[in-house]
Amino acid sequence: MALKGAEIMKMLPKTNCKECGCATCFAFAMKLATGGVKLDDCPYIDPEVKAELEGAMAPPMKLVTIGAGQNAMVIGEEEVMFRHEKTFFHEPGIAVLISDKESEPDIDEKLARVKDLRFERIGNVLKVNLLALSNDSGDGGTFETLVKKAYETTDFPFILISEDTDILFSAAAMCADRRPLVYPVTNENVSASIPKLKELGLPAGVKGESLDEVIAVTSQLKDAGVEECVIDPGSRNMLDGIRDQTLIRRAALKKGFRPLGYPTMTFPCFMCRDKYEEALAASALMTKYAGIVVTSLTEKEFIFPLLVHRFNIYSDPRRPMTVEEKVYEVSQPDENSPILISTNYALDFFIVSGAIEEANIPAFLCIKDTGGIGVLAAWTSGKFTGEAIAEFFKKYDVENKVKHKKLIIPGVAKKLKDELEEELPSWEILLGPSEASDIPKFLSEEWKV
Amino acid sequence: MTYEAPLEKHPVNIREVVLGEGEKAQKIGGENTFPFHSFEGSLPNPPGLALEVLDMQPENWATWALDPFKDVSSDPVEWARKGVEEYGAEILCLRLLSTDPMGMDAAPEEAAKTVRKIVDSLNIPLIVLGTGTEDKDSKVLIEVARACSGKNLLLGPVLKGNYQEIAKAALEHGHAIVAQASMDANLTKELNIALCKFFPPEKIVVDPTSSALGYGMEYTFSIIESIKQFGLVDKDKMMQMPVFADIGIECWRTKEARESAEQGILWEATTGMTFLLAGANLVVFRHPEALRLIKSMISY
Ligand code: B12
Ligand code: SF4
Numbered sequence: 001m002a003l004k005g006a007e008i009m010k011m012l013p014k015t016n017c018k019e020c021g022c023a024t025c026f027a028f029a030m031k032l033a034t035g036g037v038k039l040d041d042c043p044y045i046d047p048e049v050k051a052e053l054e055g056a057m058a059p060p061m062k063l064v065t066i067g068a069g070q071n072a073m074v075i076g077e078e079e080v081m082f083r084h085e086k087t088f089f090h091e092p093g094i095a096v097l098i099s100d101k102e103s104e105p106d107i108d109e110k111l112a113r114v115k116d117l118r119f120e121r122i123g124n125v126l127k128v129n130l131l132a133l134s135n136d137s138g139d140g141g142t143f144e145t146l147v148k149k150a151y152e153t154t155d156f157p158f159i160l161i162s163e164d165t166d167i168l169f170s171a172a173a174m175c176a177d178r179r180p181l182v183y184p185v186t187n188e189n190v191s192a193s194i195p196k197l198k199e200l201g202l203p204a205g206v207k208g209e210s211l212d213e214v215i216a217v218t219s220q221l222k223d224a225g226v227e228e229c230v231i232d233p234g235s236r237n238m239l240d241g242i243r244d245q246t247l248i249r250r251a252a253l254k255k256g257f258r259p260l261g262y263p264t265m266t267f268p269c270f271m272c273r274d275k276y277e278e279a280l281a282a283s284a285l286m287t288k289y290a291g292i293v294v295t296s297l298t299e300k301e302f303i304f305p306l307l308v309h310r311f312n313i314y315s316d317p318r319r320p321m322t323v324e325e326k327v328y329e330v331s332q333p334d335e336n337s338p339i340l341i342s343t344n345y346a347l348d349f350f351i352v353s354g355a356i357e358e359a360n361i362p363a364f365l366c367i368k369d370t371g372g373i374g375v376l377a378a379w380t381s382g383k384f385t386g387e388a389i390a391e392f393f394k395k396y397d398v399e400n401k402v403k404h405k406k407l408i409i410p411g412v413a414k415k416l417k418d419e420l421e422e423e424l425p426s427w428e429i430l431l432g433p434s435e436a437s438d439i440p441k442f443l444s445e446e447w448k449v
Numbered sequence: 001m002t003y004e005a006p007l008e009k010h011p012v013n014i015r016e017v018v019l020g021e022g023e024k025a026q027k028i029g030g031e032n033t034f035p036f037h038s039f040e041g042s043l044p045n046p047p048g049l050a051l052e053v054l055d056m057q058p059e060n061w062a063t064w065a066l067d068p069f070k071d072v073s074s075d076p077v078e079w080a081r082k083g084v085e086e087y088g089a090e091i092l093c094l095r096l097l098s099t100d101p102m103g104m105d106a107a108p109e110e111a112a113k114t115v116r117k118i119v120d121s122l123n124i125p126l127i128v129l130g131t132g133t134e135d136k137d138s139k140v141l142i143e144v145a146r147a148c149s150g151k152n153l154l155l156g157p158v159l160k161g162n163y164q165e166i167a168k169a170a171l172e173h174g175h176a177i178v179a180q181a182s183m184d185a186n187l188t189k190e191l192n193i194a195l196c197k198f199f200p201p202e203k204i205v206v207d208p209t210s211s212a213l214g215y216g217m218e219y220t221f222s223i224i225e226s227i228k229q230f231g232l233v234d235k236d237k238m239m240q241m242p243v244f245a246d247i248g249i250e251c252w253r254t255k256e257a258r259e260s261a262e263q264g265i266l267w268e269a270t271t272g273m274t275f276l277l278a279g280a281n282l283v284v285f286r287h288p289e290a291l292r293l294i295k296s297m298i299s300y
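Protein chains in written order, with this note's numbering: chain S, 1 to 449; chain E, 1 to 300.
The following block holds chain E by itself, in its conformation from the complex (with noise of 0.2 Å):
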């Protein structure tokens, strides 16, 4: 038997999707391949690594998340520079945390202002997501699609009940948006069908929401590598978003990771890794230290 290495091509390529603009802009997706087989295809992007910056005094925080931002966590504009500064995160995600109408219930109007004037200092790739509240984040969503209008922000989430107000929004001041459906590919293609009848396929990208190592890691997992089978294999044109996946907020709250400072970064670290290994392009980390190490880890 001799053997010939049974490489695998696909005719069709992951969408290609802007985040930021100017300079500091950067592509995410495009890929032909499955993650990290440069032997068999084209990654014309390495994936997005983004720092999770919140625009409120985070609450509960294990110390060692705390830590490397405690100087700078009750003011949002200084905790995301200090992010790109110090810590060299290329795409920040701004979560709009003020807003959770469970919460401190902060204005639409508050909460673009901060968001205005991250953008304006640092200039670099944002995402900016809402609390998953669908009729309290479709109005802050489009107060900042607004304030922001042409920077291209990334925004989310938006989902089956909110995202006709959200992405018409998105559409008129040139943003991109993260289409979320949970834990089902079928969902996710659903809501790019309904998105793709008035907006731009290149400017979505597909969250089918995260899931921690130790409390459902592998339904995620599984779900991002169909999503990219569909996408590559049967090249279904609804499936060929990139892939977001928002890992920090919940690994950090589990337990494990709460139990020392070097479990839980590599609680988040595995996560992110393995998420990555199914074909997530674009993961939001929390602590600097465990983004780093990925990003050294993928850049060999």
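Just chain S, with the same shape it has in the complex (with noise of 0.2 Å):
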């Protein structure tokens, strides 16, 4: 949790003897509270009180990153319970289940196909992040075939799953410099994977059948140095799952209380009756705080969705997508070529500017600041008016581009049009349609000059 300066002041030497480079020890704790300094640059505190001032300060929620390089995951330190306080930080780790029993060419194509699951949206890719890769099959072998196959042919962060906990480790040592997540850690097999876990610098994914034996295992686990987990509660219903990972982030964030301060795992691949339950799931457990959801998903229909939800849900509320308000060139346009106008929200421009690469007619796409907002929004917020837009043609000397004069715009926007006609009287404007993706049907019909 975090502390407050005068909570920290009185745990200084208070000798305001400057060498901290601040003039006295409360502006030191005053920064400190802030992020402005950092502990060790006061010399004289005691070892012991900095010790408790490091676990005080520390986020209630530990960070935990498996994998490595520029493909590693990053979960967890979120700070709300609700999206609308703040935002959520650490997009959900999404990791596709393979198992050591599947036929070799079944992992060969699953591979493949995981590799294929990215999408552009809106300037970002959106993609699968990690392989769970599981030993069903309980022979060491088969499962080191699996976990160096998936080594040698992606570049996905792993989680290894294995209640053999001899296997568990032997195959987390092939791949350890790529850091695996070692699952399950739990209260029989822990005081064997501790010196293992931090031999080879690992993750522990923790499992428990209830919350208290979890915290069983997390406090065994920190107090012997191992500080990156992930907590797997045992839940295996989305209600139930739904529960658990509510009751975990309250007691880290409100309680501060630290043996459930980690982020968390769920498995929807074992909590439903068939794709499409699955795909919910796993949506609503990412909706609810799963730090990491496990899926057997791999078919576009429904990882995709999935994709784009995690997008929404973590995107920041303070702040609206935008892009740069200009009149963009899509595909090489020239004086005879139409123009169209839409927001700076950046969806619009996106799902615009694609729709006019798709028609295969360059065009000028006149973006409009509207800080962020659709054009409806916008229009009722005086954003998107005739005059807005009638301003915005001096300002770019759109009349000279062309040698038209003819405005298309969005088709929702119908009483803009006899606004338009108004402000910017020498022009036509063309009611476009309603929804981008008829932009290249009404093009190849309707423009001409």
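Do not take every clue at face value.
[As the list claims (entries may be wrong)] Pairs of lysine-lysine residues, derived as DSS-like cross-links and limited to a Cα-Cα distance of at most 25 Å, are as follows:
no. : chain 1 : residue 1 : chain 2 : residue 2
1   : E       : 136       : S       : 417
2   : E       : 117       : E       : 136
3   : S       : 415       : E       : 160
4   : E       : 136       : S       : 414
5   : E       : 203       : S       : 255
6   : E       : 235       : S       : 414
7   : S       : 395       : S       : 441
[To be verified] Far from chain E, by Cβ distances over 10 Å, these chain S residues were calculated:
no. : residue
8   : 110
9   : 187
10  : 277
11  : 329
Honestly, the hints are just simulated from the structure, not real lab data. Where is the CB? At the ideal position from N, CA and C, for every residue including glycine.
With the hints as a guide, dock the two chains, each given alone in a separate frame, to form the complex.
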């Protein structure tokens, strides 16, 4: 839990020696509370007090890194229960489950498919993040073959799953440089796991049948110096999962309860009767705090909605996604090309420019700054009115970009047409389609100079 | 450190609103906790899941959205019947699209007749929505209120510009209303305050307006969550009305839903599930499969 400056002050030497670069101990305490200086900057803090302060100032939920390098998945360090209170920070990992009981061709096909689950949306890449490799065969050699194949043919971070602790750690040793998450670390195997986790420097996937059991394991790990854990509270249906995730997050954030101050992992792949339910359970668990969802889905139709869902829920409500205001040239337009106008809501820009590209008719796309608000809301709030657009025309000298005087406006903004006819009397205002997806058809049928 | 489950109790309830009348009437709301939090509070009524019906032949619907009703889509009464008998809908949402002044501009009396026919032949809770055009809707919904007097319909959307007329007619003829204010919890509250000067709060459902997955879903999600916070945590009486989400129309507009049947159904079901998790008490689906999925998942 965050400490206040005054609380920190009580624990400082109070000599005002200035060696930390601050005028007084009090100034140092205030800066420390907001992260402006580091604890180490004061050479005189008692080591015991220092450890206590470090503990108290650490974020209530640990940051955990799975994998290494540019594909590493970072989860945890969330600060709020509800998105509108601030924002959610670290997108949950979506892990595709692959079992070592599947046939070789099935595994090959799945690996290939998972690599292809990447989509572009509003300038962002949406993709699956992890592979959950599961030792269902019970055989060490078979598992190692799977891990080796995944290691050699993909660059995903892994979750390694085996009930046999020896098999688990010998597989982990094979790919320790990729920093896999090893799962499950339980009450039974925690003592045996600790030296290996420390030796290999790996995060622990803790599993308990209840939160009490989870707490016993994370406490033991913490005492032994294993700092990075991901918690599976054992829930195997969606509603129990939502309950457990909620209680874990609350205990960490609102009670400062350290033994549950870790991101979580959930298994929609074991909760459902069919693919649709699994996709829905995965999205529900991501909405309600999961740090990782493990899924057996690999089809585009099922994964894509999940990726878009995560992208929405983890977008920052403090600033809408925007693009720069200007006149964009889509596929090298000339003086006879159409002119369209839309807002600087990133989604509008990307769908409309995408539709123009699809139409294969080069065009000018005017993007008016509306503070990231879409067509109708921007029109209602005065940011996308006839007057505002007329000003835009002047500012960007739109008139001299083309020989014609035809402007295509979004079909939803019917009243905008009247306003523009008044504000830009020499222009012909064409009401485009309501859906950007109909722009190609509209341009090919209606566009003539 | 000993662990004690950090349960939260709220001393207030979301209001309970009754939809319909007679045997098949349904209640929504009434909870004193967050959605699905039966571990720390009481949720006396499961969320209402309604199936959408249009009063005219739909245009431009994806094939797989229309398929379940292909044979009945030109007859709203048969469409409604199929929704209930074949797809198990327990609440219907009739959208009076024919009355759109920019479209067919059908007369209020015509629309009201259709509503009455559905009420008479099925007698299940019915939501009746206009097209969001303030003056036309007030004419249409007043006529519907009169034609179905005593049937306890849920009429909407009631907007800032027409709430007085519609709410007055609803009150006179014993109906509930959907109070709609766009994407802003403060506007929701303002409209409720204005309504409650003469309209009973236990007959109001609020609609903060919905948006689809990938097209602003996060805004609706956060606004529903914050309305519920105001109601339960801050105990604001004007924010304790059940929340309504009309998602089918939004989801099936998207290019993604029109790409394939599987993706379309998931697009709608994911949006619906997300709003239920935020606290929506009544959700309107277009595809019966999306409705069925949600129903089976939340009643585990
Ligand atoms: C999400 C949302 C919001 C979000 C904003 C999201 C955003 N970044 O824009 C928030 C919560 C901030 C918001 C606020 C408001 N909103 Co609002 N909001 C919505 C909602 C639910 C979805 C809008 C959306 O994002 N759609 C998706 C985008 C992509 O749509 P779009 O911009 O229209 O673009 C599409 C097409 O128009 C087309 N297109 C785009 N550009 C072009 C260009 C050309 C040439 C062509 C041909 C096509 C084209 O392509 C896109 C996809 O097909 C709608 C209701 C609804 N379900 O539609 C209400 C809605 C737009 N909002 C409305 C209102 C009134 C407001 C407010 C003014 C109300 C208030 N509370 O004060 C504020 C104003 C905001 C501000 N600060 O300025 C009203 C507008 C009423 C009207 N004029 O008809 C709506 C319609 C709700 C309603 N029924 O009352 N809103
Ligand atoms: S170095 Fe330490 S003791 Fe000296 S002023 Fe700074 S905080 Fe105080």
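Which numbered hints are broken by the structure, listed smallest first? Hints 5, 6, 7 and 10 not satisfied by this model.
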